[in-house]
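K.L.:
Each chain is listed here by its residues.
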Amino acid sequence: MSEPRKFHSVGTRPIRHDGLDKVTGRARFGADLSLPGMLYGKVLRSSHAHAHIRRIDPRPALQLEGVRAVITSADRPEIPSEHGTGGEGGPVDFRDLSRNVLARDKVLYHGHPVAAVAATNPRIAEEALGRIEVDYEILRPVLDVEAAMAPDAPLLHDDLYTRGVDPRPETPSNVAARIVIERGDTEKGFAEADVVIEREYRTETVHQGYIEPHAAVASTAEDGQSVLWCCTQGPFLVRSFCSKVLQLPISQIKVIPSEIGGGFGGKTTVYVEPLAILLSRRAGRPVKLVMDREEVFRATGPTSATSIRVRMGARKDGTIAAVKVRLVYAAGAFPGSPVVPGAMTMLAPYQLENVRIEGYDVVVNKPKTNAYRAPGSSMAAFAAESALDEIAQELALDPLELRLRNAVRTGSQAVYGPTFKAIGFVETLEAARNHPHYRAPLAPNQGRGVACGFWFNAGMQSTAAVNLTEDGSAVVVSGCPDIGGSRVSLALMAAEELGIPVERVRPVVADTETIGYNDVTGGSRVTFATGMAVIEATRDVVRQLCKRAALIWEVPVEQVEWREGEAHCRNGEAKDPLSLREIVRQAVRTGGPISGQASLTARGAGPGFGTHICDTEIDPDTGRVQVVRYTAVQDVGKAVHPSYVEGQLQGGVAQGIGWALNEEFVYDENGVLLNAGFLDYRIPVASDLPMIDTVLVEVPNPSHPHGVRGVGEVPIVPPLAAVANALFRATGVRFYRVPMSPPRVLEGLQSRK
Amino acid sequence: MATIFFPKSFQAQTGGIDQVEVEALDIRGVFRALEARFPALGDRLRGGIAVAIDGEIVNDPLLEPVGPDSQIHFLPPISGG
Numbered sequence: 247m248s249e250p251r252k253f254h255s256v257g258t259r260p261i262r263h264d265g266l267d268k269v270t271g272r273a274r275f276g277a278d279l280s281l282p283g284m285l286y287g288k289v290l291r292s293s294h295a296h297a298h299i300r301r302i303d304p305r306p307a308l309q310l311e312g313v314r315a316v317i318t319s320a321d322r323p324e325i326p327s328e329h330g331t332g333g334e335g336g337p338v339d340f341r342d343l344s345r346n347v348l349a350r351d352k353v354l355y356h357g358h359p360v361a362a363v364a365a366t367n368p369r370i371a372e373e374a375l376g377r378i379e380v381d382y383e384i385l386r387p388v389l390d391v392e393a394a395m396a397p398d399a400p401l402l403h404d405d406l407y408t409r410g411v412d413p414r415p416e417t418p419s420n421v422a423a424r425i426v427i428e429r430g431d432t433e434k435g436f437a438e439a440d441v442v443i444e445r446e447y448r449t450e451t452v453h454q455g456y457i458e459p460h461a462a463v464a465s466t467a468e469d470g471q472s473v474l475w476c477c478t479q480g481p482f483l484v485r486s487f488c489s490k491v492l493q494l495p496i497s498q499i500k501v502i503p504s505e506i507g508g509g510f511g512g513k514t515t516v517y518v519e520p521l522a523i524l525l526s527r528r529a530g531r532p533v534k535l536v537m538d539r540e541e542v543f544r545a546t547g548p549t550s551a552t553s554i555r556v557r558m559g560a561r562k563d564g565t566i567a568a569v570k571v572r573l574v575y576a577a578g579a580f581p582g583s584p585v586v587p588g589a590m591t592m593l594a595p596y597q598l599e600n601v602r603i604e605g606y607d608v609v610v611n612k613p614k615t616n617a618y619r620a621p622g623s624s625m626a627a628f629a630a631e632s633a634l635d636e637i638a639q640e641l642a643l644d645p646l647e648l649r650l651r652n653a654v655r656t657g658s659q660a661v662y663g664p665t666f667k668a669i670g671f672v673e674t675l676e677a678a679r680n681h682p683h684y685r686a687p688l689a690p691n692q693g694r695g696v697a698c699g700f701w702f703n704a705g706m707q708s709t710a711a712v713n714l715t716e717d718g719s720a721v722v723v724s725g726c727p728d729i730g731g732s733r734v735s736l737a738l739m740a741a742e743e744l745g746i747p748v749e750r751v752r753p754v755v756a757d758t759e760t761i762g763y764n765d766v767t768g769g770s771r772v773t774f775a776t777g778m779a780v781i782e783a784t785r786d787v788v789r790q791l792c793k794r795a796a797l798i799w800e801v802p803v804e805q806v807e808w809r810e811g812e813a814h815c816r817n818g819e820a821k822d823p824l825s826l827r828e829i830v831r832q833a834v835r836t837g838g839p840i841s842g843q844a845s846l847t848a849r850g851a852g853p854g855f856g857t858h859i860c861d862t863e864i865d866p867d868t869g870r871v872q873v874v875r876y877t878a879v880q881d882v883g884k885a886v887h888p889s890y891v892e893g894q895l896q897g898g899v900a901q902g903i904g905w906a907l908n909e910e911f912v913y914d915e916n917g918v919l920l921n922a923g924f925l926d927y928r929i930p931v932a933s934d935l936p937m938i939d940t941v942l943v944e945v946p947n948p949s950h951p952h953g954v955r956g957v958g959e960v961p962i963v964p965p966l967a968a969v970a971n972a973l974f975r976a977t978g979v980r981f982y983r984v985p986m987s988p989p990r991v992l993e994g995l996q997s998r999k
Numbered sequence: 046m047a048t049i050f051f052p053k054s055f056q057a058q059t060g061g062i063d064q065v066e067v068e069a070l071d072i073r074g075v076f077r078a079l080e081a082r083f084p085a086l087g088d089r090l091r092g093g094i095a096v097a098i099d100g101e102i103v104n105d106p107l108l109e110p111v112g113p114d115s116q117i118h119f120l121p122p123i124s125g126g
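The listed protein sequences derive, respectively, from chains A and B.
Read left to right, the first sequence gives residues 247 to 999 (our numbering).
Read left to right, the second sequence gives residues 46 to 126 (our numbering).
Simulated from the structure, these hints should not be mistaken for lab results.
No experiment lies behind these values; they were computed from the predicted model shown.
Please note: incorrect hints may appear among the correct ones.
[Said to hold, decoys possible] Derived DSS-like pairs (lysine-lysine); straight-line CA-CA distance at most 27 angstroms:
1. K53/B x K434/A
2. K793/A x K821/A
3. K268/A x K500/A
4. K490/A x K500/A
5. K53/B x K667/A
6. K562/A x K434/A
[Stated by the list, open to error] Far from chain A, by Cβ distances over 12 angstroms, these chain B residues were calculated:
7. F50
8. A69
9. G74
10. A78
11. A81
12. R82
13. L90
14. I94
15. V96
16. D105
17. L108
18. E109
19. P113
[Stated by the list, open to error] Residues of chain B clear of chain A, computed beta-carbon distances all greater than 12 angstroms:
20. M46
21. I62
22. D63
23. F83
24. L86
25. G87
26. D99
Glycine residues also receive a C-beta, built at the ideal position from the N, C-alpha and C atoms.
If we strip away everything but chain B, and leave its shape as in the complex, we get (with noise of 0.2 angstroms):
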């Protein structure tokens, strides 16, 4: 199971909970799991995020592949100057 954390923003929305495990294929399924145990996530994660999965952050991710021992931490966009 891969396991989710929450940065303190999102945890208004999880009751507080700082992390969870989900089982999921890609950003997709994690995002699809997320949303249905925390409906008020939902509009968090349709978009203008970045995610780090083991590490790597990808910005507006969907269909990145999802290992069962996934590490994934919610981030804002990363862009630069």
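Next up, chain A with everything else stripped away, as it sits in the complex (with noise of 0.2 angstroms):
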């Protein structure tokens, strides 16, 4: 783009078109359809981490008066290892998929559903499970990370081996796979460099803390053809899944999703979806199945527990020489951490000549990990970033002025291999180094630090309408759940070009037999790729506004323009230009219904870059720690509506100061988890948090016709760094293990002691 564009909608704050229902509590979540006849599902889980399944007796459970239903694995059919893609960020093997539906001869992880009733009341559900006889060899759980790499590790599949590793090993183990990304020579690197500091960084297991939980109805008609309402960040993901794991076909299932109260990744797979269709395919009824916060901490899909290594070099003029890292990332039951982005994305912001990084996907007695925010980068992000901080204090370098003289500028090339098209990073450096918050000044017991981040950002595939209606209004259709203010985004764009207010624009989510087919709302993708959609669709509209015009004025449709939601004449002759409303009043004339559709894979994505600026205060009597200011810079491309757009970069934060200070899942030794509620698995409130300022950069995206990148995913990253950079800066002591709580945090004071 050489001239930035003017827009008259793109860049306004209007109130979101599903605002009204939400905030009157009118919005229909997961859990508010019922259905006449409905029985209520709940699943049997796991009370071992770990244990061969001998026997499954469900009769005594069926023989309960009111009880219509009983699933097992023997239930469903048993499918061999098949690779597809999810909303995950990388392949999902379908056999695990199943088995983590429903465990077949083990469980891997306390939770693990073995069985799922349907009854005519919940009580009774309730009561089934407790009937279902179970019989288990219970196995030793291996929970921990580096332990689980250990050769006398207990092993959780014995089909597993190493890929990655040339020669592929012998014997199995709970190492998945390993991945190496390397450019030049680290050994030289470091013996240029003046400095070298070499480290190990911990996080813990951490979940996305979705405030509702997950929940579906399922009903099967006659005919086999099953209807299923769920909230969901891919209806057409969970469609494809549930035929897969109940081996259907795809034309038996349609998937209606419900609005969502949070996903942040995490409703990017299956749980309850299957069972539920299973349940009402067997009973011949539609059946309900919502699961309690306590099912969701247990066993829907956290985020992976790390362990990192960093050693980086650099030379006293503050370029990085050389760095090596290796990275352990827990996946959980099956296979399918997010080690792989994670090794992509933390130094992506740096241009390195010497860099070596190892990744391992490792399996434990925890529940297989599903995506969250930026999978696998915020980890990362920790050890890269508290790093880059030491090397700054080390040479005696301003943190921002250390990472400007190493940044990715447009042209660079990424870690990960390809060039940087045109990026922002550098302004955000530059927007935060000169925001006021940089050089104001801190109270006793206050620290500054600073970190970066950065996420590729999505394109894949989406399809999306625009219908006009008799009145001249439009009816933007999307298959993709709004789950931050998209709906209202897409309606932008379509008044952008159609020249029309936005409050003559309704945005819908359609089911997956309205709209063609969408890739999940995640990957920050949804702005940048279904928004093009909208745009191509709301372009031939336009076309066929301009084409209706044409034939009523009786000129070539070459000589007609659009302006302004109106077409106008431009053969001199002397014609009122024609409104939307009345090319369309006349449409049953001129051709009949205008609509246009447009279904694309999104090629262009723009990465995404951020630096934040966090102050700590620390309270040296009981190691709580406050984060009193916070900014949060971000290249956003342009921002459609800045309102939610700031909201995202907000939330981001949030969610990443809880992970840096308080959120952890805590196992007992049998991999029990011990804190598995609101109360017990503490995350951020509103009066925990300062206001968080934001900076919006707009370095527009030039594959986007509006300049759009994803923002949802970057302002997770930098946080936890941030904090523990910030604490460094307030206490003198660095931490390396997250979450820094106040009982680590009054530990660290008293060993500077």
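Fit chain to chain and form the complex, with the hints in mind.
P.N.:
This is the structure in structure tokens:
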């Protein structure tokens, strides 16, 4: 984009179309639907973290009055290992997915589903669970990711051989895969370095903490057609995954997405959905399955605990000479941790000549991890950005200056290979350096830290339709659940192209039979990719409007121009412009209804970079850390609806601060989660946080017609390190482990003495 | 000629070669040329990967055009949370 485009709708802040329903409680979420004759489902979960299932006998449960169906793995087809693409930033093995939905011969974490029941009321369903007889052979669990790599560790899967090792190992292990990213000569780089540090970092298992638990209602008709209502980030993904797990044709499953009360990546797979369908097929009645909070914590996908080792060397001028990294990520019960994106993103903001990153994907007896906002990146950035802070300290350099000296720019080669097109990382660093926050005085016991973050942003597949109504309004139809304000953003883009007020555009999230295929809402892709489809569909509508105007005026279509919501005739005749409303009014006589549709695989998602400034205050007596000021600066391409872009930044920071200071899964030695509730798993609430300031840097993405790049994931990448770096500057103690909870901080402070 | 860069994980199948030049109009042409030269790469090119064409990442590509000076990198598929 040579000239910045002038927008009339994009960049404004209208009230979101779904806002009123959400603030009045009218919006319907996953658990809100009830159908006549509906049964209530419950899931029996493993009481052991690691055990063989010798026998399951569901018969006693079936004898209970009111029980209409009981299912175990015997009721489902065994499916072979087959890789597909999920919403998790990597491949999904459908055999693993199937065994995660319902254990077959082995349970691999405490809470792993082993059976499900449908009954006439929840109390009977609960009682029926207690009647199912399960005979376990208990095995020793392994929970720690380093311990799981030991040669004598208990094996979760006796057919798991490490991929990425040549030659292939002769014995199975818990190490599912090894990856290596390498460039240059690290040993030569370290030899040239004036300062070298080597550190180890640890992060714990954390949950996305979405407020709405997973919920599904399934109804199956006599002809075998199943309809599923559920809260999900990807109705098409749910349809496809249920089809695989249940071995049903996709044509027999329709998915209707409800409103969604948070997902953050955690609702890009299936848990209760296939069980609800199977129970409804068995019982011949609708079945509702709703997880409670404890089930969400015990048995849905958190993100990985990690163990990270970083060796980093720099020259006196601040140039990073070499970096060597070992990343170990816990995948949970089945392979597939986000170690790959962790490895690719952790040093992506910097130009590096000599780098080697080695990553390991390791299974442990915890729930299978799932995507969590910029999957894998926050932990990796915690290590990389903490190490950079130490280098800056050693060289007596300003930490932002150190980053500026090494920052990638347009045309730089990313550490994971490709060359960056237009990016705005340097602009975020400069905006942070020039922000009043960076020079504001600090009070006693306060410290200021900075950290940066990167996320690729995804494109993937989208379909959108734009239908004009008889009164000259427009309906924008997509298949992407709205988790962050995407409805109004899509409406703004359509309004921009049509030249009408956004209030005359109604955005709709459709079911899987009403709109063409859409990939998940995730990867910061909807406003970018589905937005592209909306723009394409709207431009098609505008072409048709021009054609209709030409027919009405009896002029060649080339003489018609669309401006500000009206057709204008350019042939020199004094014709009054034709409004959209007038053209639609005459549509019946000029060719019928006007609508457009576009389906595409979006290319050119612009990478996102952020720079954060964090002030913490420490209570030296209790070890409690308070974030007292926070500023998030990010290159957002073009902020379509700035309020929701700011909201994405603030939300990511809030989650990152919780991760940094409080959140962690605490297990006992038997693999039982001890804090499966929001009282003990403490996410930050409004009173824990300061107002989070945002600075939107707009470096347009040249591959998007409105300059859009994804924004939702970058903001959760820097906070762990930003908080740790601030805490170091407040206390002189460097923390290598998150969460930096009061006991751990107090211990650190005492070690200083 | 487009330049194709192989990540470390592909180099077992390319005999340690980390980059080659290929004449092709689109990614399908690139894949055909690579498979002809490195038959062991075939399985890896048949899905489940992404490529960056001149810095733009595309999951599961096939028909994306390739320019005479394009730089192509292989990546794992990119999604997110």
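K.L.:
Against each hint, give a clear statement of whether it holds in the structure.
P.N.:
The hints, checked one at a time:
Distance restraint check for K53/B and K434/A: the Cα-Cα separation of roughly 19 angstroms lies within the 27 angstroms cut-off, and the hinted pair is therefore satisfied. Restraint check for K793/A and K821/A: the C-alpha separation of about 16 angstroms stays at or below 27 angstroms, so the hint holds. With a CA separation close to 25 angstroms, the supplied pair K268/A and K500/A stays within the 27 angstroms bound. At roughly 14 angstroms between alpha-carbon atoms, K490/A and K500/A fall within 27 angstroms of each other, so this suggested pair holds.
In summary, the hint linking K53/B to K667/A is supported, as the alpha carbons are separated by about 23 angstroms, within the 27 angstroms threshold. Proposed proximity of K562/A and K434/A is supported: the alpha carbons are some 16 angstroms apart, at most 27 angstroms. With a cut of 12 angstroms on Cβ distances, F50/B falls inside the contact zone with chain A, its closest approach being about 6 angstroms. A cut-off of 12 angstroms between C-beta atoms confirms that A69/B is not in contact with chain A; the least separation is 17 angstroms.
Against the 12 angstroms criterion, G74/B stays outside the reach of chain A, whose nearest CB is about 17 angstroms from its own CB. The claim that A78/B is not at the interface with chain A holds, since no C-beta of that chain comes within 12 angstroms of its own (minimum 19 angstroms). At roughly 23 angstroms from the closest C-beta of chain A, the C-beta of A81/B stays outside 12 angstroms, upholding its exclusion from the interface. Taking the minimum C-beta to C-beta distance to chain A, about 20 angstroms, the non-interface status of R82/B holds against the 12 angstroms cut.
Every CB of chain A lies more than 12 angstroms from the CB of L90/B, the least distance being 14 angstroms, so the non-interface label holds. Against chain A, the non-interface label of I94/B is violated: not every CB pair exceeds 12 angstroms, the least being about 10 angstroms. The Cβ of V96/B sits about 9 angstroms from the closest Cβ of chain A, inside the 12 angstroms cut-off, so the non-interface label is violated. Not every CB of chain A lies more than 12 angstroms from the CB of D105/B, the least distance being 7 angstroms, so the non-interface label is violated.
Taking the minimum C-beta to C-beta distance to chain A, about 9 angstroms, the non-interface status of L108/B is violated against the 12 angstroms cut. Taking the minimum C-beta to C-beta distance to chain A, about 7 angstroms, the non-interface status of E109/B is violated against the 12 angstroms cut. With 12 angstroms as the threshold on Cβ separation, the claim that P113/B sits away from chain A holds: the shortest Cβ distance comes to roughly 16 angstroms. Chain A leaves M46/B outside its interface by the beta-carbon criterion, the shortest separation being 17 angstroms against a cut-off of 12 angstroms.
Its beta-carbon lying about 15 angstroms from the closest one in chain A, I62/B satisfies the requirement of being farther than 12 angstroms from that chain. Distance check on D63/B: its Cβ comes as close as 10 angstroms (rounded) to a Cβ of chain A, failing to clear the 12 angstroms threshold; non-interface status is violated. Remark: the non-interface label on F83/B is consistent with the geometry, its nearest Cβ contact in chain A lying 15 angstroms away (cut-off 12 angstroms). Interface exclusion of L86/B from chain A stands, the closest Cβ pair being 15 angstroms apart, more than 12 angstroms.
With a closest Cβ-Cβ approach of about 16 angstroms to chain A, G87/B is found to remain outside the 12 angstroms limit, as its non-interface label requires. Residue-level check failed: D99/B sits 7 angstroms from the nearest beta carbon of chain A, not beyond 12 angstroms.
Hint check: violations occur at hints 7, 14, 15, 16, 17, 18, 22, 26; the rest are consistent with the structure.
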